[in-house]
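There are 2 protein chains.
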Amino acid sequence: MKQLFRSAFLSLPLLAVAASPPPSAGEIVARAPASAWAELAAGDLLVIDLDGDQRIVIALATAFAPIHVANIKALVRAGWFDGITINRVQDNYVTQWGDATEKKPLPPGIVASPPAEYERPLAGLGFRAMPYRDAYTAKTGHAGGWPAASDGELAWLPHCYGMIGVGRNMPPDTGSGAELYAVIGHGPRHLDRNIALVGRVLAGMEALTALPRGSETMGFYKEGIARPTIRKARLAADMSNGERPAFEIMQSEAPDFTRWVEARANRKDAFFIRPAGAVDICNALPPVRPLPSRR
Amino acid sequence: MKQLFRSAFLSLPLLAVAASPPPSAGEIVARAPASAWAELAAGDLLVIDLDGDQRIVIALATAFAPIHVANIKALVRAGWFDGITINRVQDNYVTQWGDATEKKPLPPGIVASPPAEYERPLAGLGFRAMPYRDAYTAKTGHAGGWPAASDGELAWLPHCYGMIGVGRNMPPDTGSGAELYAVIGHGPRHLDRNIALVGRVLAGMEALTALPRGSETMGFYKEGIARPTIRKARLAADMSNGERPAFEIMQSEAPDFTRWVEARANRKDAFFIRPAGAVDICNALPPVRPLPSRR
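Read top to bottom, the protein sequences are chains F and A. The numbers in this note's numbering rise by one with no breaks, and the one at position 62 of the first sequence is 94. The numbers in this note's numbering rise by one with no breaks, and the one at position 260 of the second sequence is 292.
Any given hint could turn out to be false.
[Said to hold, decoys possible] Here are the simulated DSS-like pairs of lysine-lysine, each with C-alpha atoms no more than 30 Å apart in a straight line: (1) K136(F) <-> K300(F); (2) K171(A) <-> K300(F); (3) K300(F) <-> K135(F); (4) K300(A) <-> K171(F); (5) K254(F) <-> K300(F); (6) K254(F) <-> K300(A); (7) K171(F) <-> K171(A).
It is worth saying that the hints were derived from the structure and are not from the lab.
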């Protein structure tokens with residue numbers, strides 16, 4: 033009893049007779065045709081294995097922050113992240129990893145502080161706005177499998193749960209990409225357009241959230257505390273056949289995607305008394321699902 | 033280096049000479065006079081001690097859900113929660129606790145399904161709206177130290193990170209209060225007006241978030257998995273002098289509170305290039321701080 037948000041699936045046959053309710057968001061995703069999905073390029077999939085065999089998989093946002101993403105790929109391929117630790121876990125905010133010694137030199141070819149890739153032209157993105165208000169900007173919606181926000185001219189990735197950003201010092205520094213953070217709480221949207229967002233966690237969030245919070249200022253771990261350590265960071269494209277993970281993401285151009293957004297905004301399963309009539313962008317992150325390992 | 037969100041405090045003296053920046057949100061809170069704060073009543077403070085000595089402190093929202101809150105207090109005073117376990121941890125959603133056997137009888141006097149205390153009249157709350165849009169409703173703001181949302185006639189608590197709600201079955205069931213959940217991700221505001229919210233976590237969120245996610249449907253723990261257990265749940269009012277915790281909360285009527293909201297919306301410390309110009313209600317939860325234990 034008292035199973036909050038019990039699935040409506042159980043009672044669907046009965047309801048179908050009574051009222052033929054519209055499909056739920058989950059049902060729309062489950063029934064969407066193959067054409068509604070696209071596999072993420074293996075060259076844009078960052079696979080981070082931690083000591084203890086936890087795995088985090090991150091989609092990299094080349095369309096939004098190409099130079100920062102190129103930096104990250106070069107750091108990965110140089111093995112720079114291997115042995116790096118999680119140093120900061122601030123509750124309802126971010127988990128951050130990088131070189132705790134602050135002395136590990138960057139490999140050659142890394143741009144120490146790329147241009148501020150905090151926003152980009154809206155044109156060319158294929159942005160599709162949701163018909164709902166946003167607290168922070170004129171429009172929010174989706175573009176190529178990404179959540180996005182826009183003022184009509186520029187577009188940017190929003191700071192939602194699971195998004196990956198580039199730690200930086202005071203401006204004009206933009207960060208090299210050698211220090212990264214994941215959002216682990218309510219979307220800190222005030223950071224939008226102030227930091228380069230470079231990706232989204234597709235799997236393994238638990239490895240970033242089910243961690244002791246840091247006791248020091250801004251959630252940094254106290255010196256001497258054992259820290260989760262990256263055993264190996266790789267691009268899926270560099271992993272051998274059969275072992276590399278693969279994911280597909282629902283495409284915002286698909287008619288079923290539009291129906292999914294509407295169903296997220298207007299939940300009509302038997303649990304809900306009053307559908308919200310709206311959904312904010314951080315509660316409408318495009319559906320993602322794993323594919324069998326590629327061969 | 034790359035300490036994301038490095039505090040502006042370090043560079044303040046220099047900046048003060050150059051431009052005299054307005055105080056940050058944190059500075060406004062730190063400098064607010066005693067009159068801007070009010071201590072929470074010990075009878076409305078729920079103190080949950082878990083095995084392993086982690087403590088969670090929750091403010092109960094009597095003004096929004098009086099009968100559910102009365103139920104919870106009666107359950108606490110009957111010792112009903114002692115020995116109860118956390119049974120569900122769904123990433124980016126909720127951590128939920130209750131009687132895993134689903135057979136523990138409720139003590140006498142508990143209303144099994146109170147009226148649906150999902151909203152209440154706006155009048156009498158002292159609601160102060162923020163001057164910003166909300167994705168979900170007409171107005172959001174604050175009332176008596178609580179975040180609140182309103183359509184102009186009714187008001188309700190919003191589902192923000194750290195808010196506590198009452199698990200329920202399908203309507204018309206509203207839940208007794210014997211099964212509770214805490215929001216541990218981006219605010220699932222679609223649940224607003226569909227469930228009784230009864231409180232807010234003031235301290236100890238880590239005990240609810242730094243937990244393994246459940247592997248079963250909706251994040252329930254698999255049978256046989258070790259679950260965090262409540263050793264003792266008490267009201268602060270029932271704890272002995274010197275051991276009971278105390279908290280104060282910044283009051284929305286205080287001029288400094290209005291300044292704090294504005295500073296949250298327009299961050300002007302040296303880290304920010306572009307202040308957001310707005311803040312959503314879940315990023316503007318009233319500041320809380322512990323007081324010395326009461327004697």
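Right, here's what the structure says about each hint:
| no. | hint | result |
| --- | --- | --- |
| 1 | K136(F) <-> K300(F) | violated, 53 Å |
| 2 | K171(A) <-> K300(F) | holds, 24 Å |
| 3 | K300(F) <-> K135(F) | violated, 54 Å |
| 4 | K300(A) <-> K171(F) | holds, 24 Å |
| 5 | K254(F) <-> K300(F) | violated, 47 Å |
| 6 | K254(F) <-> K300(A) | holds, 29 Å |
| 7 | K171(F) <-> K171(A) | holds, 19 Å |
Hints 1, 3 and 5 from the list above are not met by this structure, while the remaining hints are.
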